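Undergrad: Construct the entire structure; sequences and hints are all you get.
Going line by line, the protein sequences match chains A and B. If you're matching positions, the first sequence starts at 1 in the working numbering and goes up one per residue. If you're matching positions, the second sequence starts at 161 in the working numbering and goes up one per residue.
Simulated from the structure, these hints should not be mistaken for lab results. Each hint should be verified, as a subset may be incorrect.
Heads up, simulated BS3-like pairs for lysine-lysine below, C-alpha to C-alpha not over 30 Å straight-line [what the hints assert, rightly or not]:
1) B:K426 <-> B:K394
2) A:K3 <-> B:K394
3) B:K318 <-> A:K3
4) B:K210 <-> B:K299
Here the structure is a predicted model, which is why all the values come from computation and not from measurement.
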Amino acid sequence: MSKIHVTTTVNGDPTEFLCEPQETLLDVLRDELQLTGSKEGCASGDCGACSIELDGRLVCSCLVLGAEADGREIETVESIADGEKLHPVQAQILEHGALQCGFCTPGIIVAAKALLDRNPDPTDTEIRYWLAGNLCRCTGYDKIINAVQDAAADLRGEAS
Amino acid sequence: MRYEVADTVESAASLLAGEAGQSYVLAGGTDLLVQLRAGLVQPDLVVDVKRIDELRTISEADGGYTVGAAVAGAELGEHASIGNVWPGVVEGAELIGSTQVQGRASMGGNLCNASPAADSVPALIAAGATCTIVGPNGKREAAVADIPTGPGQNSLEKGEVLVSLHFPARPANSSDAYLRMIPRTEMDIAIVGAAVNLTLDDDGTCTAATVVLGAVAPTAIEVPEAGAALVGTKVDDAALEAVSAAASAAARPISDKRGTAEYRTKVVGVMAKRAAKIAYDRAANKGGK
Chain A
1 MSKIHVTTTV
11 NGDPTEFLCE
21 PQETLLDVLR
31 DELQLTGSKE
41 GCASGDCGAC
51 SIELDGRLVC
61 SCLVLGAEAD
71 GREIETVESI
81 ADGEKLHPVQ
91 AQILEHGALQ
101 CGFCTPGIIV
111 AAKALLDRNP
121 DPTDTEIRYW
131 LAGNLCRCTG
141 YDKIINAVQD
151 AAADLRGEAS
Chain B
161 MRYEVADTVE
171 SAASLLAGEA
181 GQSYVLAGGT
191 DLLVQLRAGL
201 VQPDLVVDVK
211 RIDELRTISE
221 ADGGYTVGAA
231 VAGAELGEHA
241 SIGNVWPGVV
251 EGAELIGSTQ
261 VQGRASMGGN
271 LCNASPAADS
281 VPALIAAGAT
291 CTIVGPNGKR
301 EAAVADIPTG
311 PGQNSLEKGE
321 VLVSLHFPAR
331 PANSSDAYLR
341 MIPRTEMDIA
351 IVGAAVNLTL
361 DDDGTCTAAT
371 VVLGAVAPTA
381 IEVPEAGAAL
391 VGTKVDDAAL
401 EAVSAAASAA
411 ARPISDKRGT
421 AEYRTKVVGV
431 MAKRAAKIAY
441 DRAANKGGK
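TA: Right under this line is the structure:
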C-alpha cells in the first residue's frame with residue numbers, strides 16, 4: 001500500500017509529509033517532522049502527553065491519524081515560546097518547579113495555554129477540570145495549578 | 161488498511177459498502193483509534209466522515225435541532241442555545257472523556273460504539289431523539305434506542321452511515337438531566353448513569369416523563385414504570401422514591417472491577433431520583449414560575 005501524501009500547516013509553516021494510513025499524527029510529528037516535544041505516554045488518549053491544537057482545538061495527537069491533518073492547522077508545544085522568550089505558562093512552570101521528570105510537561109503547557117487563550121481568569125477548579133486529561137505521576141498537581149494561575153495573572157498584566 | 165476521505169454521505173456509504181473486508185467509519189476516532197492500536201479491530205478500510213458538512217453542523221428549525229453525527233462534544237457545548245433546551249443531552253455528551261477527547265469525540269460515535277456505559281446515550285433516548293442513516297439502499301430514520309444492540313454491537317448494516325441526530329421541538333415547561341456515578345470526579349467510565357426528560361403543566365404537575373438508565377444492562381434501557389411514577393405528581397419525595405425503586409428494580413447489571421451488581425442496582429436508583437429532581441427544577445424555572 002502506497003503512502004499518503006499530506007499537505008498541512010505545522011506551527012505556521014506549510015509542511016508536507018508521507019505517512020502510512022494507520023500512522024498517528026503523533027508518530028508523524030515525532031518521527032517524520034522531528035518535533036519530539038509531543039510525547040507518547042499511554043497511546044490511548046488518557047494521559048495528554050501528546051496534546052496539540054488541531055484547527056485551534058485541543059486534542060490528543062495519538063488519537064488523530066496523520067492522514068487526517070491534510071489541509072488542517074497544527075500547533076505543537078514547539079510553537080509556544082517566542083524564540084528564546086518563554087511563554088508565561090512555561091516560565092511559571094519553571095518558577096514553581098511544577099515538574100520532575102518532565103514527560104507530561106509539554107502536554108500540560110499546550111493544554112494550559114489553550115485554557116488561558118479561552119479563559120484568562122480561571123478558577124482553580126476550572127483549571128483542574130480542564131487539565132483532567134493531563135496526567136502527572138511525579139509532582140502532584142498543586143504546583144501545576146499554581147503555575148497556571150500565576151501565568152494567567154502574568155497574561156492579564158497583573159503582578160503575581 | 162486504506163484511508164479514504166468522503167465528501168458526501170452517499171460517497172461514504174458507497175466506499176463502506178464496496179469494501180469486501182472490514183470497513184469502519186472514522187468520526188472523532190477516540191474509540192476507533194484506541195481499538196486500532198490495541199489490535200481489537202483490523203480494518204481494511206477506514207472512511208473519514210469529518211469533511212461531510214451534514215455530519216459537522218448543528219441546525220435549528222421550528223424549535224427542533226439537528227446535530228451532525230460527527231459534531232464534537234466541545235462544539236456541542238459551545239452552541240448558543242441547544243444547551244438551554246436540552247441541558248441533559250449536552251451534559252451527557254460533555255462527560256465523555258477529557259478536554260482533549262471533547263475536541264474530537266461525537267455523540268454519533270458514542271452511540272455507534274455501543275458501550276453500555278456510553279454517557280451520551282441515556283439522555284438521547286430519553287429525549288426521543290431519532291437518527292438519520294444513509295446506506296447503499298438510501299435513507300432511513302431510526303430511534304436512537306434501536307441503534308445499540310449489545311456491548312460494542314449496533315444495528316447499522318454494512319455501508320450505512322449515521323448522518324445526524326434529531327431532537328423534536330419541546331412543549332413549554334420541559335427539561336432534562338443526566339447524572340452518572342464514577343468513583344473519581346473526572347475521567348472515568350460510568351458505573352451507572354440515569355437520564356430523565358420531563359414536561360410539566362402550568363401548575364408544575366408532571367404530564368410526561370421518560371427515565372433511561374445506562375451501564376446496568378447490555379444497552380441503555382428505558383424504564384416506563386419510573387417515568388409513570390413521575391406523571392401526575394409534582395415530583396415530590398414520594399414520587400422520587402417510586403422512581404428510585406422502579407429504576408433499581410429494572411436494573412440487571414454485571415459485576416466487574418468498577419462495581420458490583422448489588423452496588424449498581426442500589427446506586428442507579430439514587431441517580432435516577434436525583435436526575436429527576438434536577439430535570440424538574442430546570443423545567444419549573446424555565447416556565448417562569
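Undergrad: Run every hint past the structure and note whether it holds.
TA: Hints, one by one, checked against the model:
Restraint check for B:K426 and B:K394: the C-alpha separation of about 24 Å stays at or below 30 Å, so the hint holds. For a cut-off of 30 Å, the pair hint linking A:K3 to B:K394 is broken: about 63 Å separates their Cα positions. The hinted pair formed by B:K318 and A:K3 meets the criterion: a straight-line CA distance of about 27 Å does not exceed 30 Å. Of the pairs offered as hints, the one joining B:K210 and B:K299 holds, with about 19 Å between alpha carbons and a cut-off of 30 Å not exceeded.
Of the hints listed earlier, the one the structure fails to meet is number 2.
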